[in-house]
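From first to last, the protein sequence lines are chains A and B.
First residue of the first sequence: 1, per the working numbering; consecutive thereafter.
First residue of the second sequence: 1, per the working numbering; consecutive thereafter.
There's no promise every hint is true.
Okay, the calculated bits of chain A under chain B, using three or more residues with CB under 8 angstroms as the criterion [to be verified]:
(1) 38-49
(2) 98-105
So these bits of chain A aren't anywhere near chain B, every CB distance computed over 10 angstroms [what the hints assert, rightly or not]:
(3) E52
(4) R63
(5) P66
(6) H79
Think of the hints as simulated: they come from the structure by calculation, not from any bench.
Even for Gly, the Cβ is constructed at its ideal location relative to N, Cα and C.
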Amino acid sequence: DTEVTQTPKHLVMGMTNKKSLKCEQHMGHRAMYWYKQKAKKPPELMFVYSYEKLSINESVPSRFSPECPNSSLLNLHLHALQPEDSALYLCASRQGLAGSNEQFFGPGTRLTVL
Amino acid sequence: AQSVTQLGSHVSVSEGALVLLRCNYSSSVPPYLFWYVQYPNQGLQLLLKYTTGATLVKGINGFEAEFKKSETSFHLTKPSAHMSDAAEYFCAVTNSGGSNYKLTFGKGTLLTVNP
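Make the full structure from the sequences, and use the hints.
Below, the structure written as structure tokens:
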């Protein structure tokens, strides 16, 4: 299985809602990433987990809260988002944090904040 | 520090024509280089990568790229474009030293293929 899956595919939420994005991989990868991608822009790194521990937080606002319950799962909890947070949220995984291995990307969750 | 410059935010070719997408990088240590493709409303798919060894790298869907250290370039080519190649293409770099967790992306090149 060489796939990263993400659910849901689409999400519409109000600014007062709480929702979660889910990412799963069964490739035995120990590094997992969250990216945010606005239209016609490259992905922007948000968080990196290595061996289920948060390694990198790229100064992301606290209304985004990541969680890595186990080595296969990565969640992104959303609360009190702003309309400018509307974007494609991509999850990626990699064998480890070092080396020449590429990142494998999921299909993304299209988030709309009203 | 590392950076990527993709020349041309939009490239348009005719079906059957040569595809050339340009990428120049900057890295203080030997780089690892990647080309990803993104179709509308989808994630990124790896086309090919250069790490070490042979400088001409072949990837999926008939694409290839050549690492030229002297020119700090990693241009992507395909001899004959298909309609299905229409997508956004991202060049990315990471460094070969230490914990190279971070991919630095170029701004992307939108490829359109005309019938």
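- Assertion that A:H79 lies outside the chain B interface [Cβ separation over 10 angstroms]: Non-interface label on A:H79 holds, nearest chain B Cβ at 25 angstroms vs cutoff 10 angstroms.
- Message: Is the claim that A:R63 lies outside the interface with chain B correct, judged by CB distances over 10 angstroms?
- Response: At roughly 23 angstroms from the nearest Cβ of chain B, A:R63 sits farther out than 10 angstroms, so the non-interface label holds.
- Query: So is A:E52 really clear of chain B, every C-beta pair being over 10 angstroms apart?
  - Reply: Correct as stated: the minimum Cβ-Cβ distance to chain B is 15 angstroms, above 10 angstroms.
- Message: Quick check for students: does the CB of A:P66 sit more than 10 angstroms from each CB in chain B?
- Response: Non-interface label on A:P66 holds, nearest chain B Cβ at 15 angstroms vs cutoff 10 angstroms.
- Within 8 angstroms of chain B's CB atoms, at least three CB atoms from the segment 38-49 of chain A: coverage verdict: It holds, with 6 qualifying residues against the three required.
- Counting residues of the segment 98-105 of chain A with a beta carbon closer than 8 angstroms to any beta carbon of chain B, are there 3 or more? holds (count 7)
Comparing the model with each numbered hint stated earlier shows that all of them hold.
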